[in-house]
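Here the protein sequences come in this chain order: A and B. Numbered according to the UniProt record's numbering, the first sequence spans residues 1 to 341. Numbered according to the UniProt record's numbering, the second sequence spans residues 1 to 341.
Treat each hint with caution, since some may be false.
A short, non-exhaustive set of chain B residues, derived as facing chain A with CB atoms under 7 Å [as the list claims (entries may be wrong)]:
1. Met-13
2. Ser-49
3. Lys-135
4. Thr-148
5. His-297
Negatives, chain B to chain A, calculated, CB over 12 Å [to be verified]:
6. Pro-51
7. Lys-141
8. Gly-144
9. Asp-197
10. Ala-215
11. Pro-217
12. Leu-252
13. Pro-283
14. Glu-286
15. Ile-301
16. Gly-310
17. Glu-311
18. Ala-322
19. Phe-323
Note that these hints are calculated values from the structure, not bench results. Where is the CB? At the ideal position from N, CA and C, for every residue including glycine.
There are 2 protein chains.
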Amino acid sequence: MKHASFENGVVEMSHGAGGRDMADLIQRLFVAAFGNDLLTGEEDQAILSFPAGRMAVSTDGFVVSPLFFPGGDIGSLAVNGTVNDVAMGGADPVALTCSFIIEEGLPLADLSRIVASMAGAARAAGVRIVTGDTKVVERGKGDGVFITTTGFGQVREGVSLSARNAQPGDKVLVSGTLGDHGVAVMGSREGFDFQTDIVSDCAALNGLAAAVLDAAPSTRLMRDPTRGGLAAVLNEIAEASGVGISIAEEALPIRPAVAGACEILGLDPLYVANEGKLVAIVPAAEAEAALSAMRAHPLGIDAAIVGEVGEDPDHFVEMETAFGGRRMVDWIAGEQLPRIC
Amino acid sequence: MKHASFENGVVEMSHGAGGRDMADLIQRLFVAAFGNDLLTGEEDQAILSFPAGRMAVSTDGFVVSPLFFPGGDIGSLAVNGTVNDVAMGGADPVALTCSFIIEEGLPLADLSRIVASMAGAARAAGVRIVTGDTKVVERGKGDGVFITTTGFGQVREGVSLSARNAQPGDKVLVSGTLGDHGVAVMGSREGFDFQTDIVSDCAALNGLAAAVLDAAPSTRLMRDPTRGGLAAVLNEIAEASGVGISIAEEALPIRPAVAGACEILGLDPLYVANEGKLVAIVPAAEAEAALSAMRAHPLGIDAAIVGEVGEDPDHFVEMETAFGGRRMVDWIAGEQLPRIC
Ligand SMILES: Nc1ncnc2c1ncn2[C@@H]1O[C@H](COP(=O)(O)OP(=O)(O)OP(=O)(O)O)[C@@H](O)[C@H]1O
Ligand SMILES: Nc1ncnc2c1ncn2[C@@H]1O[C@H](COP(=O)(O)OP(=O)(O)OP(=O)(O)O)[C@@H](O)[C@H]1O
Ligand SMILES: [Mg+2]
Ligand SMILES: [Mg+2]
Ligand SMILES: [Mg+2]
Ligand SMILES: [Mg+2]
Ligand SMILES: [Mg+2]
Ligand SMILES: [Mg+2]
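Isolated chain A, as found in the complex (with noise of 0.2 Å):
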């Protein structure tokens, strides 16, 4: 016997109307796919222990199209999104929140596959998702679905990483290959044939972060860099810590296909959006330990060195380019891409 609430295959109004098919939605498909002892779906917050000591706490909205594309989906991309802004501020990714905006008439099928990549994701990410919200909007005034997770962590002891922290004669390191993550969703976008084997690198970059900070404890800081890629986040570190920024266009680790595709779709792979790589800058000293702790890890293997901090009152970032000339690396470069994330 088909139960009522999932009658029709699809979320509907009532899903979100506070009563019994929305109870029913939580506990069948959120509480039954997340499932852990501190989410029971019956109490209007969750409640954890937390040691002393400072917490690290952040927030994204999701909203990529298509909602599944080769390499994850926004389920997977809305743990590991956030799990990496947590971790980037040197702390352990604990737990998550999650609120569901769901336009009316998602397959319930396609919701289901989404919590239950969330629900690996997490379980990935050693993250626990306590706490949710499910509101349901009428056809056209939402896409498919929408998803907020929130996230927080304890900060590792005496670790203390800013946008602000960064000083001249510093290295600047990436974790891996540019562009994957909006090449491979732009590839999977209705109009995009091109064809590729290009596949997001959405992951979770908690314990290659925690590799790092072992291997480098006097790191400057930490960033993902996703919407506006790596040169919206040097751009961002260059300013908040007064400094100038100088990367090599050769020692940027680019798969040929993201290339080749970023040359077809009129993109530059500096501002293409990465969901599995961070930034890392370390003082010159610790560069090649920071490196090889990089490299060690699965997540860390195209790891390079790409660039240094320098003095230079304008802020700016500079490239050398493979043809040895210079140019600068602005804030916005040709098209943004709507919608990666």
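With chain A fixed as given, assemble chain B with the ligands onto it according to the hints.
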């Protein structure tokens, strides 16, 4: 001279793209309004010191339509709604995160008004907005703006509230009139032009909740009766605690204007959302103390004891009607109200 990113007076896709326009919007609108030393807009996460103990965390997405309604707007609602879910756990809310999913074309004036309202509500509730996120979706893929807030706070020493705690003999208290929020929002929708002065009760309940706990330290649990109204909350409690609940129609505080509007709209105030009311289940011995504490608080002047907990293997919620009969108060009755919060 107008700034490029604000030139057209509306949110554009570039405001969510990770470049200069987004950084501008974040700095000039969000960081400026929420201004506090934890929110610089420069880091991937906020870092707070947190004392050892239990942390309560809660999240809600807000999709209310229209964005502005008598007594509030989506901004104040997003702050108060999450503050309240944290406070219902016996915790003192400390900080919030916010995630904005904005539809392309939203007037910046509307966004500013919403953000100012959030800032005011946060100040009134004594919480800080410490980190956020901003995404933009294409016209027709959202509806103005959706906001998800996540809140956390420290649970009071010795307090342990849960929907499972209700026991036969306990009293059921409500802190004030029922249905104001839902009716105020419905009344502000196009097509509903019934004359009404009803305003939403949207308010932060952390002060009131603390007063209840001070006066009645054995309080079993507190809930804010939002979507699904008092009926949904009582049914959830009955089910989680394995008890029956009986309420008296005559004891329910309902404004005549709300009762009248509900009749016109074909709604039952028991099922209509509130955003500034709490339900408390309190042992009989402390019920009068809890009631007095509520009535002494500006947000609890219409508080009432409306029923009590009993034994019932079916976990039913029943109401003694004004005419001396009894009727079931089931989860759902009549039409649901979409997009009420
Ligand atoms: N998508 C979800 N994933 C995990 N848990 C969820 C999800 N949606 C809701 N829940 C859980 O279900 C329970 C009820 O959530 P609900 O949103 O009804 O509570 P509320 O926030 O108090 O009400 P409202 O959202 O109307 O203010 C909570 O324990 C919540 O953590
Ligand atoms: N609506 C907002 N309100 C308050 N602060 C915001 C808001 N949007 C962004 N911020 C702040 O701006 C900074 C940059 O946010 P951004 O979302 O670009 O970082 P990110 O999450 O690392 O990137 P992405 O969202 O692409 O993964 C952060 O410090 C964040 O807290
Ligand atoms: Mg609640
Ligand atoms: Mg992020
Ligand atoms: Mg909720
Ligand atoms: Mg980030
Ligand atoms: Mg709530
Ligand atoms: Mg973000």
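Broken hints, by number: Hints 5, 6, 7 and 8 contradicted; others consistent.
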